[in-house]
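**Student:** Going line by line, the protein sequences match chains F and P.
One point on numbering: in this note's numbering, the residue at position 15 of the first sequence is 15, and numbering is uninterrupted.
Take any residue in the second sequence, count from 1 to its spot, add 1000: that is its number in this note's numbering.
For the record, the hints were derived by calculation from the structure and aren't laboratory data.
There's no promise every hint is true.
Stated by the list, open to error - Here are the computed lysine-lysine pairs in the DSSO-like style, where the Cα-Cα straight-line distance is at most 27 Å:
1) F:450 with F:41
2) F:297 with F:314
3) F:41 with F:339
4) F:314 with F:280
5) F:17 with P:1037
6) F:288 with F:386
7) F:17 with P:1049
8) F:19 with P:1032
9) F:41 with F:430
10) F:111 with F:41
11) P:1041 with F:2
12) F:464 with F:41
13) P:1037 with F:363
14) F:468 with P:1037
15) F:314 with F:386
16) F:386 with P:1051
17) F:22 with P:1032
18) F:464 with P:1037
19) F:288 with F:339
20) F:313 with F:140
21) P:1045 with F:22
22) F:339 with P:1045
23) F:450 with F:464
24) P:1041 with F:22
25) F:19 with P:1041
26) F:297 with P:1037
27) F:280 with F:297
28) F:339 with P:1049
Given next are the chains, with one letter for each unit.
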Amino acid sequence: MKQRIFGIETEYGLLIKDKDFKYGPVDVALQLKDYIFDVGKKGLLDQHYRANDEPPGNGGFLTNGGRIYLDMGHLEYASPECSNLVDLVTYDRGGDMLVQEAVESLGWQDKVAIIKNNVDLETNATFGCHENYLVSRDFKFENRENLRLLSSFLVTRQIFCGAGRIGACNPHPFRDWAEAGVDDSKEEHVDFQISQRADHIPNEFYRWVQYNRAIVNTRDEPLSDPGRFRRVHLLVGDSNMNEFSNALKMGTTILMMDLIEIGAGRAEWILEDAVGTMRKISRDPSFKWEITLSNGKPSTALELQWEIMETAKKHLAGSGYETDWILTEWESVLNDLSKGGPEAVLDRVDWAAKYWMLNEFRKEEDLPWHDPWLKSLDLEYHNLNKNDGLFWGLEENGDARRKTSDEAVERSMLTAPRGTRASGRGELVKSLLECPASYLIDWIGFRLNKDEPFLMLDPFVSYKDEIKEIVGRLDIREPAHGDGIEP
Amino acid sequence: MSDPLRREEKKDAPSEKRDDGPKKPDVSSPGKDNILKRMRKVDPKQSEKYKQRTGE
């Protein structure tokens, strides 16, 4: 079975519910971060600059091998490197719970809500959920046909992994060059769409992340041995509340990359206009999701996903338990979407659950889609407070399929996953919490005091024995600020 | 396979549900009432208080 590594970065939204609360969202993010490190002792704050906008103390690594930091005014969590999908959804949720736990420990749960979504429905500010996949350097990322195949998959996968939203981003203020994307000069009325991010992606390929976001982000920053590995870093997806949807999103995407790597992707899957199609699928109120392929043939997102899934079955079935799980559930969700529509998948698909809830509420209260209450309910779906958040009501009722357990999530808040270098990093952070020293820690290694940097270039290796030995001979000497390994 | 994470995955494996075909939620179940109760508690204006910056 092929070895895999996954990771997710989540930027959280922050809602100040109490208008008289003494702090604004940026201050609250800062205080939560400080609480997690200084009081909660969940990790070590950086002692060094990581970038001009990441001064010492801006964030740090956790005992679970992941990272919490401030980025563009948002509190952000990067999961540790995970070798399988169960670990991935467990550690993703572990990050959510670390942040929510800090809110509750500070007694702010009635005043502040952490919202795991990707858009401000009033201003259309957007913030991301970034997916990370480790692939071999043999994956031909510079080949444009490969990128277009990946793009076609990403544009159509939103039918089972979008988080849904009320309304639309009209017009599109994010474009800063005229020829990018499609003509968006006219406003379109949208009640509900299946993706949070579709309106915010104006390009098919690009390497930047803040503006001119692309379906396929082409930044090449492997955070590992660049001769052996590539980290595919995607920002096109929505944050998922449903852990099953999260697993299916990442699982189907890695299988698509496997198909591309073995040359099993087919040119007829390429879309005529990927950027326009992304928005068209997301906004289609009939859920028919019609598309046009680059060869001019009409099809649907469901049919294209079905073809990709069947090809994956042909080439990859039987190669491991996880692969077979992905293939089975991919087929099941496509089958149910085609026969039963949103209501048939609301236990596995966030947008479908949200759509069902909002519709039921609208009927009960006789509200139009554009009523402001609906926007507020949309946000509440993503509230991480289990007593209030609407998603948690579904999970509590047994109407949201699980992929992990609360016990595993609780453990993930403190302990790193096995099978990757995150376990070594987690042990290092735990040791340094007990035995203070000067340190510089990054994804690819660390340096203690003025010793030589220790590199962790192979993400599949834990490095635990070496780290234990290094920590064992630790004594407190002069700080190592000012030089060391690059982030 | 002694990892509790993997044991949980086995426990939740959906194979026994797979042949049921698409199912609609039971909208008369207590689940719907519970969700609607949560929904009615939400401040109708809270979206206006959600002031976020573009991130990444």
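**Student:** State for each hint whether it applies.
**Tutor:** Each hint, compared with the structure:
no.: 1; hint: F:450 with F:41; verdict: 25 Å, holds
no.: 2; hint: F:297 with F:314; verdict: 24 Å, holds
no.: 3; hint: F:41 with F:339; verdict: 50 Å, violated
no.: 4; hint: F:314 with F:280; verdict: 30 Å, violated
no.: 5; hint: F:17 with P:1037; verdict: 19 Å, holds
no.: 6; hint: F:288 with F:386; verdict: 34 Å, violated
no.: 7; hint: F:17 with P:1049; verdict: 7 Å, holds
no.: 8; hint: F:19 with P:1032; verdict: 31 Å, violated
no.: 9; hint: F:41 with F:430; verdict: 9 Å, holds
no.: 10; hint: F:111 with F:41; verdict: 24 Å, holds
no.: 11; hint: P:1041 with F:2; verdict: 48 Å, violated
no.: 12; hint: F:464 with F:41; verdict: 21 Å, holds
no.: 13; hint: P:1037 with F:363; verdict: 14 Å, holds
no.: 14; hint: F:468 with P:1037; verdict: 52 Å, violated
no.: 15; hint: F:314 with F:386; verdict: 41 Å, violated
no.: 16; hint: F:386 with P:1051; verdict: 22 Å, holds
no.: 17; hint: F:22 with P:1032; verdict: 36 Å, violated
no.: 18; hint: F:464 with P:1037; verdict: 49 Å, violated
no.: 19; hint: F:288 with F:339; verdict: 12 Å, holds
no.: 20; hint: F:313 with F:140; verdict: 22 Å, holds
no.: 21; hint: P:1045 with F:22; verdict: 20 Å, holds
no.: 22; hint: F:339 with P:1045; verdict: 37 Å, violated
no.: 23; hint: F:450 with F:464; verdict: 21 Å, holds
no.: 24; hint: P:1041 with F:22; verdict: 24 Å, holds
no.: 25; hint: F:19 with P:1041; verdict: 17 Å, holds
no.: 26; hint: F:297 with P:1037; verdict: 47 Å, violated
no.: 27; hint: F:280 with F:297; verdict: 17 Å, holds
no.: 28; hint: F:339 with P:1049; verdict: 39 Å, violated
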